[in-house]
Amino acid sequence: MAEHAHAESLALREQFDTAEQQKESSTFGMWIFLITEVMFFGGLFLAYTIYRNTYPTVFGMASTSLNAVIGALNTAVLLCSSFTMVMAVRAAQLGKRKAIIVFLILTLLLGLVFLGVKAYEWNEKYVEHHIPGASFHFEGTAQQGPAQLFFSLYFAMTGLHALHMVIGAGILCWLLYHAARGRFTAEYMTPVDIAGLYWHFVDIIWIFLFPLLYLIDRHMK
Amino acid sequence: MSEHVDSVKTYTAVWLILLVLTGVTTAVAYIDLGAFSIVVALVIAAVKMLLVALFFMHMRHSTSLTKLAAAGAFLWLFFMLAFTLADVWTRGLVGTPGR
Amino acid sequence: METREHYLNAGHSLKSWLLTKDHKRIAILYLITVTIFFFIGGIFASLIRVELMTPQGDLVSSETYNKLFTMHGVAMIFFFLIPSIPATLGNFFLPMMIGARDLAFPRVNLLSWYLLVIGGAFALFAMLAGGVDTGWTFYTPYSTTYSNTWVIATALGIFVAGFSSILTGLNFIVTVHRMRAPGLTWFRMPLFVWANYATAVIQVLGTPVVAVTIVLVFCERVFHIGIFDPALGGDPVLFQHMFWFYSHPAVYIMVLPAMGVISEIISVYSRKPVFGYHFVAFSSMAIAVIGFLVWGHHLFVSTQSVYAGLVFSFLSYFVAIPSAVKVFNWTATLYKGSISYATPMLYAFGFIGLFTIGGLTGLFVASLGFDVHVTDTYFVVAHFHYVMVGGTIMAFLGGLHYWWPKMTGRMYPENWAKLSAAIIFIGFNLTFFPQFILGYLGMPRRYHVYPDEFQVLHVLSTAGASVLAIGYLFPMVYLMWSLRYGEVVGRNPWGATGLEWKTQSPPPVHNFDEIPVVTHEAYDYSTVIKEGVEVG
Amino acid sequence: MKVPLFPEQASNFAPDVDHLLYYLVAVSVFFTVLIFAAIFYFAIRYRRRSEHELPEPVHAGLALEIAWSVIPFGLTMIMFGWGANIFFKESRPPKDAAQVYVVAKQWMWKVQHMEGQREINELHIPVGRPVKLVMTSEDVIHSFFVPAFRTKQDVVPGRYSTTWFTATKPGKYHLFCAEYCGTKHSGMGGWVYAMEPQDYQIWLSGGRAFGSLAENGEKLYQDLACGNCHKVDGSGRCPSLAGLFGRNVQLADGRVVKADEAYLRESILQPNAKVVAGYQPLMPTFQGLVTEEGVLQLIEYIKSLSPQPAAGAGTTPAEINVNPGAAGAAPSNR
Chain V
1 MAEHAHAESL
11 ALREQFDTAE
21 QQKESSTFGM
31 WIFLITEVMF
41 FGGLFLAYTI
51 YRNTYPTVFG
61 MASTSLNAVI
71 GALNTAVLLC
81 SSFTMVMAVR
91 AAQLGKRKAI
101 IVFLILTLLL
111 GLVFLGVKAY
121 EWNEKYVEHH
131 IPGASFHFEG
141 TAQQGPAQLF
151 FSLYFAMTGL
161 HALHMVIGAG
171 ILCWLLYHAA
181 RGRFTAEYMT
191 PVDIAGLYWH
201 FVDIIWIFLF
211 PLLYLIDRHM
221 K
Chain P
1 MSEHVDSVKT
11 YTAVWLILLV
21 LTGVTTAVAY
31 IDLGAFSIVV
41 ALVIAAVKML
51 LVALFFMHMR
61 HSTSLTKLAA
71 AGAFLWLFFM
81 LAFTLADVWT
91 RGLVGTPGR
Chain D
1 METREHYLNA
11 GHSLKSWLLT
21 KDHKRIAILY
31 LITVTIFFFI
41 GGIFASLIRV
51 ELMTPQGDLV
61 SSETYNKLFT
71 MHGVAMIFFF
81 LIPSIPATLG
91 NFFLPMMIGA
101 RDLAFPRVNL
111 LSWYLLVIGG
121 AFALFAMLAG
131 GVDTGWTFYT
141 PYSTTYSNTW
151 VIATALGIFV
161 AGFSSILTGL
171 NFIVTVHRMR
181 APGLTWFRMP
191 LFVWANYATA
201 VIQVLGTPVV
211 AVTIVLVFCE
221 RVFHIGIFDP
231 ALGGDPVLFQ
241 HMFWFYSHPA
251 VYIMVLPAMG
261 VISEIISVYS
271 RKPVFGYHFV
281 AFSSMAIAVI
291 GFLVWGHHLF
301 VSTQSVYAGL
311 VFSFLSYFVA
321 IPSAVKVFNW
331 TATLYKGSIS
341 YATPMLYAFG
351 FIGLFTIGGL
361 TGLFVASLGF
371 DVHVTDTYFV
381 VAHFHYVMVG
391 GTIMAFLGGL
401 HYWWPKMTGR
411 MYPENWAKLS
421 AAIIFIGFNL
431 TFFPQFILGY
441 LGMPRRYHVY
451 PDEFQVLHVL
461 STAGASVLAI
471 GYLFPMVYLM
481 WSLRYGEVVG
491 RNPWGATGLE
501 WKTQSPPPVH
511 NFDEIPVVTH
521 EAYDYSTVIK
531 EGVEVG
Chain H
1 MKVPLFPEQA
11 SNFAPDVDHL
21 LYYLVAVSVF
31 FTVLIFAAIF
41 YFAIRYRRRS
51 EHELPEPVHA
61 GLALEIAWSV
71 IPFGLTMIMF
81 GWGANIFFKE
91 SRPPKDAAQV
101 YVVAKQWMWK
111 VQHMEGQREI
121 NELHIPVGRP
131 VKLVMTSEDV
141 IHSFFVPAFR
151 TKQDVVPGRY
161 STTWFTATKP
171 GKYHLFCAEY
181 CGTKHSGMGG
191 WVYAMEPQDY
201 QIWLSGGRAF
211 GSLAENGEKL
221 YQDLACGNCH
231 KVDGSGRCPS
241 LAGLFGRNVQ
251 LADGRVVKAD
261 EAYLRESILQ
271 PNAKVVAGYQ
281 PLMPTFQGLV
291 TEEGVLQLIE
301 YIKSLSPQPA
311 AGAGTTPAEI
321 NVNPGAAGAA
331 PSNR
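Chains as they are written, first to last, in my numbering: chain V, 1 to 221; chain P, 1 to 99; chain D, 1 to 536; chain H, 1 to 334.
Just so you know, the hints here were simulated from the structure itself, not pulled from any lab data. If you're wondering where the values come from, they're calculated on a predicted model, not measured in any experiment. C-beta: ideal position from N, C-alpha, C; glycine also. Heads up, a few of these hints could be off.
[To be verified] Straight-line C-alpha distance at most 25 Å; calculated BS3-like pairs for lysine-lysine:
# : chain 1 : residue 1 : chain 2 : residue 2
1 : V       : K96       : P       : K67
2 : V       : K98       : P       : K67
3 : H       : K172      : H       : K184
[What the hints assert, rightly or not] Negatives, chain D to chain P, calculated, CB over 12 Å:
#  : residue
4  : Q56
5  : R178
6  : A181
7  : T303
8  : Q455
9  : T462
10 : Y472
11 : S482
12 : P493
13 : D513
Only chain V is shown next, with the shape it has when bound in the complex (with noise of 0.2 Å):
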């Protein structure tokens, strides 16, 4: 590991004995870092799931205004990216340094797709008078005070999920620079697994997301 001149800041630190101890602790790491994140955005499931047990019907009219195929080629932009990312990862497996840069360069332009859809998205809902706060008005029920309920959730899950996809974004920049100077090599990529990890619960959190915001009682419209 020594012999690389940027090595000592990447590779083995002195806490560890073997470099699989230390990819060992950083995987793991994630890992618990996953949970916490798991719990953090399960605050916000658990108040969903509260409000639509207590409001289902205007949950579902707030759900049915919201472009449920928006949302689903939205998803789909996502789940392409996971799988850029995974071929990002396998490329680092094998000491690829190009395909590292062309699968991240293509995870980070569908994350950005992503996120342009949902500023579009979230745009749309501000003409239409749907952002919570003063200036809320939801046609079609006069029960307003539900409705702005499911978008105040609405904006704190998804917006928290961007937020994500932020950070994982400035992630990717970081992982490409040093993938750039050709720091990942199939022994040393634990940088890219981990971050792979991170981008894939960003999605999973996603596949959830969807169904539960998009797609109630479509069936109605």
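Keeping the supplied structure of chain V fixed, place chains P, D and H upon it in accordance with the hints.
Coordinates of chains P, D and H only, in the frame set by chain V:
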């Protein structure tokens, strides 16, 4: 996980299944299944999650410790949901609103 | 000896401290930080007690009083008790006890200290800018809609400090799993390590929930979106569920590491392995798990359903089993031991006594019909102070004295230490025991003005608090004094068995000149004490 | 000065809670003394006599560990059962309880009696008769606490909470707000006057001028022109309210709910939450137009329209199998 390099074929297959499932869950939402639509939606989402976790996140090659940790997270999520719902669902049953 | 390099003299610049990755130096940074917050919280506590000497509320206004108890709670819970033992003693000794050179992620460790400092800065800003008056529990809709104090800054501070706690827990879990010395199997680990591991599990699983709850309160306050707002059909009791899902287990974040410290101390000063080692180890894990299933016992009168109340009350009694197991096993460890009355042991005795009372009164408030009367009264105040002050702080001081020679290479003055331990014990009981009676009489919590008939007990409590305050100042002074004038000690002044005692005092930068290989169970004193041979 | 060390017993629950206290204290004292004595005895008996002594390890026995887990656990189960029993009693008001409405706001208690008396920070009740309080809050969470009665119940905005008690001893007792509610939290107290029935009657007759709760409700009903749509004979655009209270109502979405106080309150403030089967969601919300006290008066008026004499009867406890409404599960409506 340099010990386990999965084939491009596997990844592609998983990816395509995920896309198909996204289509399915969207389509099914337009069919009136009554109370079951939420069940179907969640089952499909859970399958997608498992596919991502097992293949893309290499969980099928992971140590049992990692699997245990991930299962633990969902157990705790279940605790939180179940006990809070236990309150919400049984409020007012004794004949007094509240309590 | 004079010229030997150790972690303290390995660099003298400020930078060498602020950018250190050494878990021992980070532990010292934490120690300084939490001590500052302890004294800030203590000043608020003193003002509260002085105010309550008279029933009229004549020292400060109601508004100020409400801010005082809120800031006392915030400073003490989020910035002292939660980081207290894990981030200082745990940070310092967990890697050493498992024979590691450092934690798995030293830079994350440093980051988590910075997060605590940043969070603390937000909280301090809120305190100096005008304070916050919601109570440390931030119940909605008061905190989101009605309070016009610095809720947002405080909430941000707690949010950031929460991530500090999460990262510490994450680091500990990975370290215990992946960094143990050769031969150190799970059931050879010292019980302090077990306790910190169990604590880390709670930190990782619980803290994110309070973090997201704070985010929602923040959004509701800033953007008026209303997740918990009853005017929109929101449920304020849902906030209480989400808050206590973390904040009840948080009680165990505070007390589990304390129990770990007590296990170490009781064993060393009886020179016997902890009685029922496996039971004590598993009881830590059991508390961590069951502790997550009982949060609703804070909601018995909140309009929570009767059935949920029944379930939560029932499950609460299951936490009593592992807690009782610990107390009985510690007591049994003394049996046929060789008991020394060193200061840490006195603190451990104090801990067992006070924790027993705190724990038993926990059974009172877990009983539904009883809790209806005493919840939100001084009975509850007395109960949790017995657990957290009588428990956690006693253990923190005990552990600090126990490991002080290892951390600094110098001994504290034994007689002064014994005197202050006695003062703290007496002062504590005088402060908080009258509050049980006050609570049963019906004195509500968070009252600035109170009926005259409660005054005598309040004056008694305030008198106790002054004794307690003096007791806490003593160690501050003599521990500082000992840094310079304390007697120099060798590797193992107590004849203890942990791996931390196998290296020099103070330890070298990477803890061990050579990574030890563990061949014995924990607490095998025959490897350390040879009858008739000099110890140390 | 009087220094009480034990609170007065002035309600039917007070002796129950105190007996439970005696049991809890007895168990606690036993274990505290046991542990303190053991520590003292061992600490002295086995004190270190030489710096080099090495005691023999004593190994734990499984039987011992199980014994000291199971026996105390058995004792705690008595605590659980006993406390739960009292709690259940506290949660089920008797059918003949006199109903009193309480509205809490920062920082006062507003009390309305069925007969029309209104009080602030005071509550007059007769001795020997169960009294049921139906409470709500206009702003933040408060908590109704009378130490001498050993009862406490949070008062939450947006919903009704209930508590009940029977005063057993005439006297003047503290009423506290026990849930922190802002600046003057500690000032949000008052007195509960438990009176002999005849004194209570005299007190009651002093306040007729306000008109009874139902009468005030009727006035409000007319002011708000509710009768324009809710015609008594059911011919209006909205359902008749006669005989509604206590009945099961078939909703447009298929659910059946019991028309209790919570339902009526919700239907006034959020009319479209539960639309009666066969009717259109036409009713505007009265949120902001009616105070919480006004809502209570309207409810009392609607109750008085029920065929069975409602005076003082309060609600009948809903049967367990009745869907509790908003808070309950409604899986059919997906």
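Okay, the hints, checked on the actual structure:
Our distance criterion of 25 Å between C-alpha atoms is broken by K96(V) and K67(P), whose separation comes to about 29 Å. A C-alpha spacing of about 32 Å is found between K98(V) and K67(P), which places the hinted pair above 25 Å, so the restraint is violated. Annotation: proposed proximity of K172(H) to K184(H) holds, straight-line Cα distance about 22 Å (limit 25 Å). Interface exclusion of Q56(D) from chain P stands, the closest Cβ pair being 35 Å apart, more than 12 Å.
At the 12 Å boundary, the C-beta of R178(D) falls inside the reach of chain P, the nearest C-beta of that chain being 10 Å off. The beta carbon of A181(D) sits about 19 Å from the closest Cβ of chain P, which is more than 12 Å, so the claim that it is off the interface holds. In this structure T303(D) is not separated from chain P by more than 12 Å, as the shortest Cβ-Cβ distance comes to only about 4 Å. The non-interface label for Q455(D) is consistent with chain P: the shortest C-beta to C-beta separation is roughly 34 Å, beyond 12 Å.
Remark: the non-interface label on T462(D) is consistent with the geometry, its nearest Cβ contact in chain P lying 37 Å away (cut-off 12 Å). No Cβ of chain P comes within 12 Å of the Cβ of Y472(D); the nearest lies about 37 Å off, and the non-interface call holds. S482(D), annotated as away from the interface, keeps every beta carbon of chain P farther than 12 Å; the closest lies near 43 Å. No beta-carbon of chain P is positioned within 12 Å of the beta-carbon of P493(D); the least distance is around 38 Å.
At the 12 Å boundary, the C-beta of D513(D) stays outside the reach of chain P, the nearest C-beta of that chain being 31 Å off.
Taken one by one, the earlier hints fail for this structure at numbers 1, 2, 5 and 7, listed in ascending order.
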